[in-house]
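Undergrad: These are the residues of each chain, in order.
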Amino acid sequence: MTDHDPNLAHHFDTPAQQYAAGKLGVWVFLVSEILFFSALFCAYAVYRANHPAIFFDGHLFLDSELGAINTCILLLSSLTMAWAVHAAQLGQQRTLVACIGVTIVCAVVFLGIKTVEYSQKWEHGLVPGADFTPDMHYVQEKLDHHGHGAETSEELNARLLNLRTFFGIYFLMTGLHAFHVIAGVGVLVWLFVRAWKGAYGAHYFNPVDFVGLYWHLVDLIWIYLFPLLYLIH
Amino acid sequence: MTEESLSQPRPPVAPSLAHPIPLWVLLGVFAALMVLTFITVAATWVNLGDWNLWIAMGIATVKAALVALYFMHLRYDSPFNALLLVSALVFVALFLGLTMLDTHEYQPQVINRPPAGSEAPR
Chain A
1 MTDHDPNLAH HFDTPAQQYA AGKLGVWVFL VSEILFFSAL FCAYAVYRAN HPAIFFDGHL
61 FLDSELGAIN TCILLLSSLT MAWAVHAAQL GQQRTLVACI GVTIVCAVVF LGIKTVEYSQ
121 KWEHGLVPGA DFTPDMHYVQ EKLDHHGHGA ETSEELNARL LNLRTFFGIY FLMTGLHAFH
181 VIAGVGVLVW LFVRAWKGAY GAHYFNPVDF VGLYWHLVDL IWIYLFPLLY LIH
Chain B
1 MTEESLSQPR PPVAPSLAHP IPLWVLLGVF AALMVLTFIT VAATWVNLGD WNLWIAMGIA
61 TVKAALVALY FMHLRYDSPF NALLLVSALV FVALFLGLTM LDTHEYQPQV INRPPAGSEA
121 PR
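Just so you know, the protein sequences line up as chains A and B, in that order. Under the working numbering, think of the first position of the first sequence as 1, with each following residue one higher. Under the working numbering, think of the first position of the second sequence as 1, with each following residue one higher.
Next comes chain B alone, as it looks inside the complex (with noise of 0.2 Å):
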């Protein structure tokens, strides 16, 4: 099995199918992820108000592209996995956007209302 493989260029995994990440690589990404849960919960003692939870997000995401990149393996892998892992967020993306959009349309109570025709129309 491996001579065959041997003789012919295998896109994207080496002959024997193994392409392990380098052990610094894995430990770097450890550290970095370890720094950015430090700075998430810091960023919580500055007071940005709405921009404090965009900034969680942005710096969750790094957190979550690191992981994907590296520990999951997806920088090395055949780029169909990663187009997946994209298009399940952008699922996602539009999910929560247009479920969002309407949220705008939300009446916390319909009590209130006036009688309908006792007022111009909306």
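The shape of chain A in the complex, shown without the other chains (with noise of 0.2 Å):
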């Protein structure tokens, strides 16, 4: 008599059909977080093209340092997510928990470092939507410094204008992306106190795995959201 194994739900006849009909539901999931965020893609594309000037000057707002940290942090945390489901997948409990435990901490800070980014902002009144009221000597002083500033007033108006598009798609796309990292980290807390009480092991890996891809996507939203946003030149 084979045991039933008790990771194998009773809809599944093997646990190879599990694992792969589990890796099939995600991949559709995540093809349909990537339509949705493309749909914010295109109106940044088409904004873009229309208004390539204050595309530039919005990204000077920006600080692409931040951008560029926060891009190594999610990469790291792709990195150890994956070790996560490589140390799952040999048994090895406390590499993964660790790992698992990173990986959490690495998404945080990225949360810590976005917060710090929008105060930034909001102190200043770029704040998405009908409070857009900009504070006129900061805009001038970043134009300014970075070498772009307006000769006269009329220009600065002209220039501030639109800059509001800027900001609604950059809130928008950055605060979606956002709200992806702190339902991650939600899932991934779930994944630290199940791994820690030992369910996950060679018999039994799936969810580690699922997470993992999850991840993944949230860190390859960001790898084509930093250089479109932060790095316009």
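Note that these hints are calculated values from the structure, not bench results. For clarity, every value in this text was computed on a predicted model and none was experimentally measured. Among the hints, a few may not be true.
Which chain B residues face chain A? A few, computed with CB under 7 Å, are given here [claimed, not checked]:
{"id": "1", "residue": "A18"}
{"id": "2", "residue": "F30"}
{"id": "3", "residue": "L33"}
{"id": "4", "residue": "V35"}
{"id": "5", "residue": "T37"}
{"id": "6", "residue": "T40"}
{"id": "7", "residue": "W45"}
{"id": "8", "residue": "A60"}
{"id": "9", "residue": "K63"}
{"id": "10", "residue": "A64"}
{"id": "11", "residue": "M72"}
{"id": "12", "residue": "N81"}
{"id": "13", "residue": "L83"}
{"id": "14", "residue": "V92"}
{"id": "15", "residue": "L96"}
We put the CB at the ideal spot given by N, CA and C, even for glycine.
Starting from two chains that each stand alone, build the complex the way the hints lay out.
TA: Put into structure tokens, the structure is as follows:
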């Protein structure tokens, strides 16, 4: 008599089928996420094609260093997530727990840096939507600092007029991405607790694998967001 | 369970289902990703006009491919999963591409047009 594998759900015949079906399901979900974000990328493409100067101005307000650090942090978190899957598949319990833990820490640091960036914007009135009332001195200072100051106040106002669109797109894209990071942290914490309790090993590692796939997608989206928003020249 | 699986070949997963990617591959991919990130930033120090955007997108795509193939295990998975990803990207390309075609018709102001009938038809 064969034991019933406690991790094998009744509607699957074999663990291999369960794993393949689960993976396929996660990939279909990732496809829906990619298409979800693509709408915002489309908005970005249309507005940037039509108003390249505004996008150029807009990026002067973003801190590329913080953006680059965030990119590296997310890439590190992807490494530790992939390492966690590797550890789970080899039954390396302590490494698995440590890797999930580091992934969570990286995600939280990413969110911390984003909070710093957002609060810098908030302070100077660069908020999304109708409350967009930028502090003019700050704006002129930023443009000047990068050698692209406005000559006259008419010019400054003209350049400022559509800056709101850039910031709308910036906050929406990075905000939606940050929302996905937060959701990811929630799932990772759940995964951490389960891993700590020894639920995963060479016999069963599906959730680690699937959460990993989601996490890599979050990283992938940032890989594209970073150059598009922060490195406009 | 294990005895049964070992007696039959299973594509593409191994009898224990696990196909751990070697750690040196993961670390190597991470190192490549960091180098490519540095190159992305460094490329902005050189002014190549419109090319800057396409170079940045090209490098981002290489990074994305590394993450997808190795971290996400697509290189060793059933090809159907890779097909799903590629088809998503095809639809995104269609979406953005066709929308961008329309972009050339975009008029920032309509007010500047001369009154109808006062000029030869477009």
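Undergrad: Looking back at the hints listed earlier, which ones does the structure fail to meet?
TA: Result: hints 4, 7, 13 break, sorted rising.
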